[in-house]
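**Student:** Residue strings, one per chain:
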Amino acid sequence: MAINSIEAQPDVQALSQQGVHVTSLESLYNWGRSNSLWPLQFGLACCAIEMIAATMARHDMARFGAEVFRPSPRQADLMIVAGTVTKKMAPMVVRLYNQMPEPKYVIAMGACAISGGPFRDGYNVLKGIDRYIPVDVFIPGCPPRPEAMLDGVIQLQEKIRGQKLTGPHRARHADKSVRGDYPVPEYAGGDLSPPYNPEIWSPPPVPESSAEDESDSET
Amino acid sequence: MEANVMNTSSTYLFLAIFLAVAVVFPLVPIGLAKLWSHTFTPAKPGHDKQSSYECGVVPVGSTRIQFKSQYYLYGIIFLIFDVEAVFLIPVAVAFLHLPLGAVLAVAVFILLLLEGLAWAWAKGVLKWQ
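Top line first, the protein sequences correspond to chains U and B.
So the first sequence is numbered by our numbering: it starts at 297 and just counts up by one.
So the second sequence is numbered by our numbering: it starts at 178 and just counts up by one.
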């Protein structure tokens, strides 16, 4: 439950102990949509196998309302970037994100989607999908186990339950002035241009002491 | 007599109520959803979002594609030379013991397919190219 929600107020909690449940429209709305996350059905690499396993009988992601994998971005509100994003694939991933309707969320699953993982030094591997689209939850692991996938979904649900619909700190999908799509990078000559979206990502500052250890000058 | 008139009018009254409910029942949720989206979750159309979904690839050409119907010729030839053979094998096995009705039924079946064969032949489908 969100910290500043109406359920956290002491008198409301006292009422709730007596069996009278008071809620706000915002909490009800967030509760509903956090329990009906529909992921977009696509897998990029081996992490997708763990993602599939998370939906199967043993781990059963349906318990969290997120089992309905949609074959079209029009019906999905969660993008699970499961696996290595090659530079050739990155424009498709960003375009699919743009085609999803708001509100939409992104889970970067596994080391590859976060940073390139073991293929970070590969000539054709994107070093993290957060360079082009905003990522809500990062799930580390190589690959993450289905339990970690479920934990990521629960984290995302908690984030959704804390989102505001009105006011200056409202969520992006509730703000008409904030665009919901991001520029699609262009793949040409074996590389992506631009190398990252400067609006949402910037190269991390390199510490002075380990500057010579960092062989990756491109970042 | 007057009771009958009352009954008839009240029957139509129920129909009118039913019609009104049938119109209002779907309109209220649609109106609420429109109001909600207008107030809290505004639509954000964009170039990528409006384009047709091609698994993330930029769509090429028009989406109004017409498929050619010429495949039906292959369907007919397949029926004549392949499916017919499968049906004729049990007939050939039991040929000496077939009653007259069964022979006639098989003859009608073969004639129907032969008509298709003659039609395809006349159309020039069988010509090797």
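These are calculated hints, taken from the structure and not from any lab test.
Some clues are possibly wrong.
Computed spacing ranges between beta-carbons, pair by pair [claimed, not checked]:
#, chain 1, residue 1, chain 2, residue 2, range
1, B, L209, U, P464, 47 to 53 angstroms
2, B, Q227, U, H317, 40 to 46 angstroms
3, B, V234, U, H317, 32 to 38 angstroms
4, B, T188, U, V316, 44 to 50 angstroms
5, U, K472, B, V200, 28 to 34 angstroms
6, U, V316, B, F217, 24 to 30 angstroms
7, U, E443, B, V237, 23 to 29 angstroms
8, U, V316, B, V205, 23 to 29 angstroms
9, U, I496, B, V237, 28 to 34 angstroms
10, B, L209, U, P414, 49 to 55 angstroms
11, B, G252, U, R416, 50 to 56 angstroms
12, U, R468, B, P206, 24 to 30 angstroms
13, B, A199, U, K472, 50 to 56 angstroms
14, B, S228, U, K472, 20 to 26 angstroms
Calculated Cβ distances over 12 angstroms to all of chain B for the following chain U residues [what the hints assert, rightly or not]:
#, residue
15, Y325
16, E363
17, P369
18, A386
19, N394
20, Q395
21, P399
22, Y419
23, E443
24, A444
25, A467
26, Y478
DSSO-like, lysine-lysine: derived pairs with alpha carbons at most 30 angstroms apart [stated by the list, open to error]:
#, chain 1, residue 1, chain 2, residue 2
27, B, K221, U, K455
28, B, K211, B, K245
29, B, K300, U, K460
30, B, K226, U, K472
31, B, K221, U, K460
32, U, K455, B, K226
33, B, K245, B, K304
34, B, K300, U, K383
35, B, K221, U, K383
36, U, K472, B, K211
37, U, K472, B, K245
38, U, K384, B, K226
39, B, K304, U, K384
40, B, K245, B, K221
Bear in mind the structure is a predicted one, so any value in this text is a computation, not a measurement.
We put the CB at the ideal spot given by N, CA and C, even for glycine.
**Student:** Okay, B/A199 versus U/K472 on CB: inside 50 to 56 angstroms?
**Tutor:** For U/K472 against B/A199, whose Cβ atoms are near 35 angstroms apart, the range 50 to 56 angstroms is violated.
**Student:** Minimum Cβ separation between U/N394 and chain B greater than 12 angstroms?
**Tutor:** Not fine: 4 angstroms to the nearest Cβ puts U/N394 too close to chain B.
**Student:** Note whether the CB distance of B/V234 and U/H317 lies within 32 to 38 angstroms or breaks it.
**Tutor:** Given about 48 angstroms between the Cβ atoms, the range is violated.
**Student:** Does the structure keep U/K455 and B/K226 at a Cα separation of 30 angstroms or less?
**Tutor:** The hint holds at about 25 angstroms.
**Student:** Do the beta carbons of U/K472 and B/V200 sit within 28 to 34 angstroms of each other?
**Tutor:** holds, 31 angstroms
**Student:** CA of B/K221 to CA of U/K460, is that 30 angstroms or under?
**Tutor:** Holds - the C-alpha atoms of U/K460 and B/K221 are around 18 angstroms apart, at most 30 angstroms.
**Student:** Holds or violated: U/K472 and B/K211, Cα atoms, limit 30 angstroms.
**Tutor:** Given that 30 angstroms is the threshold and the Cα spacing comes to 15 angstroms, the pair holds.
**Student:** Just to be careful, I want the Cα atoms of B/K300 and U/K383 compared with a cutoff of 30 angstroms; is the pair within it?
**Tutor:** violated, 53 angstroms
**Student:** Please settle this one: U/A467 was flagged as non-interface, so is its CB more than 12 angstroms from every CB on chain B?
**Tutor:** Given that some Cβ of chain B is not farther than 12 angstroms from that of U/A467, nearest at about 9 angstroms, it is violated.
**Student:** Since U/Q395 was said not to touch the interface, does its Cβ keep a gap of more than 12 angstroms from each Cβ of chain B?
**Tutor:** violated, 5 angstroms
**Student:** Check the following: the C-beta atoms of U/I496 and B/V237 are separated by a distance inside 28 to 34 angstroms.
**Tutor:** holds, 29 angstroms
**Student:** Given the hint that B/K245 pairs with B/K221, does the C-alpha gap stay at or below 30 angstroms?
**Tutor:** Violated, at about 38 angstroms.
Checked against the numbered hints above, the structure violates hints 1, 3, 7, 13, 15, 17, 18, 19, 20, 21, 25, 26, 28, 29, 34, 37, 39 and 40; every other hint is satisfied.
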